Amino acid sequence: MAFCVFNNTIYMNATIINENMLYCSSPKLPPNLQTLPARELNYQIKIAIGTKHTLSVDKVGFNYYHDAELSAVVGDKGPVAGNTTSILRGKGFAHPNICNLKVRYGAIETTPKFLNSTAIETRSPRVNLPGPVTISTSGNGQNYANDITMHYRDKENTFTYTQDLFVTFFSPQQGPTSGNTRIKISGFGFSQLKNDDGTPDLSHPLYYRFKGENGNDKSNNGGNGILTKVEEQSDTSFVVRSPACNAETGHKQTLEVSWDGQNWQQIMPGDKDHSFTCYDAPEVKMITPHFGPVKSPNNETIVIQGLNFKCPDGDCSNVMVRFGNREVNIYVPGTILDDTHIQCAVPKYTKPDVLPVEISLDGVEYTHNGVTYGFFDAYLLDVEPRLISKNGGTPLTLSGFGFVNAGQGETKSKFSVKGTAELNCAGQSPCYQEATYIDKNTLTVKTLP
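In this note's numbering, the protein residues as written are 127 to 575.
Derived by calculation from the structure, the hints in this document are not laboratory data.
None of the values given here were measured: they were computed from a predicted structure.
Treat each hint with caution, since some may be false.
What the hints assert, rightly or not - Derived DSS-like pairs: lysine-lysine, alpha-carbon spacing no greater than 30 Å straight-line: (1) 516 x 566; (2) 540 x 477; (3) 477 x 436.
With these hints in hand, go ahead and build the complete structure from the sequences.
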């Protein structure tokens, strides 16, 4: 029989390994001794073999320490591939009797980097399955602090492993250099962080950034270090916004997502080496002709003139022209004539109106230049004022609908009298006066003498 004798009074069974080694467990330190200063938290150990009454002359010291206490895990999530850097905050890391500081993720042991008495730095080990694990500390590499929580996880000592997102849909894959293109990504595992009751943990959103082909980080945060959250996040889809592109970033952008801002996963559609392509933003300058009759029996066409009418990746199958706004939307296919001209048919429209005309090179993102096309069928409802000077020059406001901006000198009003007689104004008959277009419901004109 062999014993380890602590403080000449406490006998603990020992196991002899060989002639130079034996193992034994230490006894619990009595509560009245646990409050002593660190230098006094120790027992002297002697060895007794064969009989409890024969003690070794030599003795060694055995020191006690208080378990370190965790209060927070900064960097509490990371991929199953491991290598996530976390800062464990708490107290007791610098106890002088600690001899072999270790950290355990579940059942996997790691060696932390000591920072100070209230913080240590660790790197997560690789695991096979995602999910939360308990982080515990040991001051000797053997005895780990107990997790006393039952059934639920404590945030102050929990690390959650995540798995890579699985993407099945990414659209669109190109947009203008001006940025802010709405991109929808679909797949699985987009809300894998859960509360204890199984509902999505919205306090841990998914973040994203874009990196240009030149290596520039063009997150939509302007480089201020604030992480950008994805939009409309669910378990199967989320939305991001494309960044503005320029010569510095390049036109090929790679989307990356992260749960913690430290570990980033690239999202690549198909077999591409990038996620998103920027093209020079098109701009509408003018339309010829810029007005036409309502319910025209002819199949009129217009030519839209502008800049940067270049199809992304050379694919011009998605060129569209939109007549209208949020309330009215009419879409017709467009044909690119060259880099500055697009031709399209004028849609059949049933009422007089003035509609903005915008173009899209990918069928998703449209220009916002405000150039209009007018469907004219003028109808006058009211004129103010009703009393005018015979000397002319009285400003009139004409109210109605179906007015279009025909251009300078092209919009005119006619003054006449009831019956067959015509007015003679300043030697002219009939009386026509150039009118000024205000909007689709208003014209102004001055009377003739």
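Status of the hints after comparison with the structure:
1. Proximity of residue 516 to residue 566 is assessed by CA-CA distance (about 29 Å); at most 30 Å being required, the pair is judged to hold.
2. A C-alpha spacing of about 23 Å is found between residue 540 and residue 477, which places the hinted pair at or below 30 Å, so the restraint holds.
3. Distance restraint check for residue 477 and residue 436: the Cα-Cα separation of roughly 33 Å exceeds the 30 Å cut-off, and the hinted pair is therefore not satisfied.
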